[in-house]
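*Asks:* Generate the whole structure from the sequences, applying the supplied hints.
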Amino acid sequence: VDPFMLVAPQMIEDESIVADADTDSDSDEEPDAFARIAELEKQLESMQGDWKDFQKDLADESIAKKKKPTMKIGGRIHADYWGFPESDPLVDEIESGAGNPVQDPQDRVLFRRLRLEMSGTVPNNMLWKMQLDFNNPQTPEMKDAYLGWSNLPNNQVLLLGNQKRPLGLDHLNSSRFNIFAERPMAVEAFNEDARRFGLAMYGYTDDEATGWAYGVYNLENINTDGRFIGDNLQLGAYGRLWGSPWYDETSGGRGYWHMAVSGGIASPDGDAAYDADTNNNDGRFRTRPSARSSQRWLDTGRIPGISSYEVIGLESILNIGSLQITGEYLFNSLQRDGITPAALPTLGPYDATIDDDFFFHGGYIYASYFLTGEFNPYKRTTGTLNRVTPFENFFLVDRCNGCRGNGWGALQVALRYDYLDLTDGGINGGVGNLVTAGLNWHWTAYSKLQTNMIWGSIDDSGLGTTATSGDFAIFGTRFMIDF
Amino acid sequence: VDPFMLVAPQMIEDESIVADADTDSDSDEEPDAFARIAELEKQLESMQGDWKDFQKDLADESIAKKKKPTMKIGGRIHADYWGFPESDPLVDEIESGAGNPVQDPQDRVLFRRLRLEMSGTVPNNMLWKMQLDFNNPQTPEMKDAYLGWSNLPNNQVLLLGNQKRPLGLDHLNSSRFNIFAERPMAVEAFNEDARRFGLAMYGYTDDEATGWAYGVYNLENINTDGRFIGDNLQLGAYGRLWGSPWYDETSGGRGYWHMAVSGGIASPDGDAAYDADTNNNDGRFRTRPSARSSQRWLDTGRIPGISSYEVIGLESILNIGSLQITGEYLFNSLQRDGITPAALPTLGPYDATIDDDFFFHGGYIYASYFLTGEFNPYKRTTGTLNRVTPFENFFLVDRCNGCRGNGWGALQVALRYDYLDLTDGGINGGVGNLVTAGLNWHWTAYSKLQTNMIWGSIDDSGLGTTATSGDFAIFGTRFMIDF
Amino acid sequence: VDPFMLVAPQMIEDESIVADADTDSDSDEEPDAFARIAELEKQLESMQGDWKDFQKDLADESIAKKKKPTMKIGGRIHADYWGFPESDPLVDEIESGAGNPVQDPQDRVLFRRLRLEMSGTVPNNMLWKMQLDFNNPQTPEMKDAYLGWSNLPNNQVLLLGNQKRPLGLDHLNSSRFNIFAERPMAVEAFNEDARRFGLAMYGYTDDEATGWAYGVYNLENINTDGRFIGDNLQLGAYGRLWGSPWYDETSGGRGYWHMAVSGGIASPDGDAAYDADTNNNDGRFRTRPSARSSQRWLDTGRIPGISSYEVIGLESILNIGSLQITGEYLFNSLQRDGITPAALPTLGPYDATIDDDFFFHGGYIYASYFLTGEFNPYKRTTGTLNRVTPFENFFLVDRCNGCRGNGWGALQVALRYDYLDLTDGGINGGVGNLVTAGLNWHWTAYSKLQTNMIWGSIDDSGLGTTATSGDFAIFGTRFMIDF
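Protein chains in written order, with our numbering: chain A, 1 to 483; chain B, 1 to 483; chain C, 1 to 483.
There's no promise every hint is true.
No distinction is drawn between identical chains; accordingly, a pair holds when it is met within one copy or between any pair of copies.
Straight line, CA to CA, 27 Å or less: simulated DSSO-like cross-link-like pairs of lysine-lysine [said to hold, decoys possible]:
1) K379 to K67
2) K68 to K52
3) K42 to K72
4) K42 to K66
Keep in mind the hints are simulated off the structure, nothing from the lab.
*Replies:* Here you go:
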């Protein structure tokens, strides 16, 4: 019996295979079997060859890629509206920039950030980053701009260039992930605009429970001109040590406790106005009122004769599911040396004589809560907040089947108290108290709406001529997307 | 009889298959058949596994990509030469910027556009765009800069940020696709630089025969500083409704008729010069002579006391194969209110007294024709012109076989008449008449050469001191590429 | 005998194939053979179909890509420190910018380059490039910015836009590949900032032994404003012809001899200060001291009445393995015409009367050597230096196996003598002599550290008020990465 005769007839038809049931007579069809096997073997071999070639191409491509620099491009768009429903004359004077107590702080629509970001690696172990912000297109700003070495022992990275000084959690958090639209006064005052040109080391332990950053920086902000020119280099050494002793891995980080201490010691050029060096005196502390005003409402000016200062910061984040409670406090003690000319600038918030030592300080505390149940992630290796992912994105779309679908995103409420004292020993930079109520509507993991209402007061300020204190209210809203 | 014995001998040799013809004796070769089938099955199964894995990887990658933001990068380079072979003293006075009737308009070579464009999506349904123009590298400009929601019901998209106000077809056409180098006076005067910060909705019907755009915008041009600061928000509401009742699908759109009506109502701050607000008075209408001059040759200045204006525009495009006839007309009526100070600025094109109501208007008509048979496509969903693709690209290259090849691209001629009246009721912005002859040489779908010759006159102008009218001739040529 | 009965039993089990050894009785199992072959054929065919579809998709994608514009993005970050340990009063006066002989040249930290580069093609044979430098973010500069045609006969490319004038090897070398941090005085003085708006042709012979570049350029540097406005177009024609008569292909180019001659003839507008044209007089030659000072330390000023000049340059590179010896010399002869006003500017380095003809000249020679055995590659098609690849990258990393690994990169030493004479016939631009010692530490092919120590003097200078000559010493270091 020919074994092939029992192939189901319909299958034979389907496959157009003709196998004769009579093994004796129609033998001219029978060679098919070996021929077909041989043909199959040939074809399969050819195809395996093709496949191997293809896999080799992919592998070669992948290896070639590893030998070439890589590049990643991203960016962010932050569009703001800020209104100033209420303000006292002191505030009007400061914000007008010309001491005009009649002109209210003006409402505004603006791009807070219009940022293009590029980063990449160079084989084997170098990296670079370049961020440019075009929120004011005619005056682009450099943000991160550095080159460095990765893969150093202890998970360390060494970076040279423009980068954030490791002081103040809220400044180290990306503006994409911060809970309030603008940073608290104390963090901004003692680490104005955060980024400076420096050389810094970043690392963390293998279990990610502890991390550190430390470096040496030039004190001048070169974000807009990209250069420091002056014989007094005005160096500052800053460092930060953080840990997350509690981090609930099982829930994907819905519970954690972060704490950190940071500090810096700096030697500004207090005599810049009197010597032949071209650099400015970077012994100056100032901040906006946690809102996007035109002027800094608390400001010590460039303190004449300042020779050194030391700053210490303490941080804590306690996150339990949707609830987060975060606080920081920063202390800054400053020294003037004897060579300062007696004469103070006639402009500026100074008494007739000022002391040789000062102490400025400030901090904030906030609580935030997700009404929709999400939580605010934390990145252990950097000791900063991370990207929030809503359970459900916000959308209102046509579905294929004709009906419309929608989702509502994530809702987060937050309340912050925010304090800064820049008035001491004859320097009247002002004492600020702020309460900020915030509502964040996360549309997607990459986009959200931030709304802040701020009530505040300034006291003991030398920046106005008609009053030393004043109240104000500010409303701000920000539309954000990043990519 | 063994079915395998009849395999053709040469095939057996070719394939190195050894099958013994004697089924009885040499049975040790015969197991090959099942063994080989089994081996084939194993190998095929293994390969199918590989293939499935690979397909799964591709699918996973594709799904992962859909969950990540996407980004597209492009740009355009437009390099211009402009010459001014002839000009009367009025024109010399205006163009010199200092009222110098001796200095002719100066010839120039310039980058008209050096633009970097990025756009992308954020899952599930948000999008963004960011365009920066570096034609004057030291003063970058923001162009489109927005975030928004797509996939809204009725093919709608909602955008927030800097975007074109929907008024005037020629402004809504991309500068990459416009037939003349510079936009007509009326379109530019009543929608200067087109883009404003606003919130706007865009949509079209499923059959693409009708589309719409409407939104609310701040009136100030923030292309260079990215911010509006002032208590008077100066809002304007603009909208456009377009349709293409005839669109010849069968020829791929070689024939179509587009018509549209657009309009706007705006409330500029006519008292900006007299109150404490920091914003400017954006009640101003001005334009260059459809050419890249340094100054605007027709200009009302900032009209003191202007409180509101309404503008209406009508559009039509009739395209029959290589021939296109396009026209627009815009009407602008303006009102001043009583609180305006009597005193007019001493500078500016004003009579001693000016009326309380004005009427400005203008438009253009052009015919264009492809000598080489191509046509000018139209995009129904936006109601604007689209990219021209030459039948044959322009090139002159070495061919592999040693001989040289060439192609000639596409040639398009065009003629435009262009009119604008900005003189009324004591405001002497000028009355302009222009004739522009154009020759476009499309090298590829992405590059072309535009050549324009312009003859024109200005009458009833208050911008000069020596004359109220003058003639001029301008020659311009533009080398364009986009990517 | 059934041929299938001899299949090894364990194989049958493994593959779950059940073939009955008894061909007579259990015939219902035997159809397996044909069925299995048929099934294999079907599956293989289906898979071949999938594979063909996939290959077709890849091919289609590849073809579609070829019809679309392509884009490549890259950039470079150069971060510098420059110190001025020693300087005489003449140098202090010049560098202060205000003639202050007390203020030393100030030390500086700066981004020398923070560059974003994009280039691409448009099918079939057009190309474009756009480079923007944000080293001073508030004042971006345009570098290469052009469009053009490739694939022209004789390997030629025709470019229109901002591009380097073909004069001076050291300027044509990319700043990524140059051996010293800053370019020699003579090359910079006679081809300041290199790039101008022009139309130029580039080509080379098929054997790459000879290459050429020639073009016509506007003389004004429009890197920061992107536009030239003025009735006097101030054209210059420049060309360069290079060859590499010796190029050792077998060693991959470790040995070569490059020589070139370049030249230019230009007609600046010497009367720009006295006529109604808005353009400047671009008859000016100046340079920094081969270091990143604020001011140009040798400078003729804008030479009044200059009507034409001709410049000739000679180049040679001899590379033998790790050793390279390179030299250039440039000669510039200039003519003033009779219509120049007799009165010279009161400011500027001029004697009471100046001649009608001048001759300026300068050059340099350097030797460089790799201590670690690498060599400095050369690109024959452009006649310029190319990227150095270290034998071993510099790194210090954690290896997977717990121990630490390191590599040391490549070390290159170099010494340059550098001369420029800009003092002749009453124009006292200065005579400069420099010796530069350089040490380059190549970390990877894409990153390095350059260190330069410069000792120099200026003589016969009219730029100071207290002295006509002075010495100086400069130290510079640059951290570089490109991608």
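*Asks:* Does each hint hold? Answer for all of them.
*Replies:* Cross-check of the supplied hints:
| no. | hint | verdict |
| --- | --- | --- |
| 1 | K379 to K67 | between (30 Å within a copy, 21 Å between copies) |
| 2 | K68 to K52 | within (24 Å within a copy, 30 Å between copies) |
| 3 | K42 to K72 | neither (44 Å within a copy, 42 Å between copies) |
| 4 | K42 to K66 | neither (36 Å within a copy, 35 Å between copies) |
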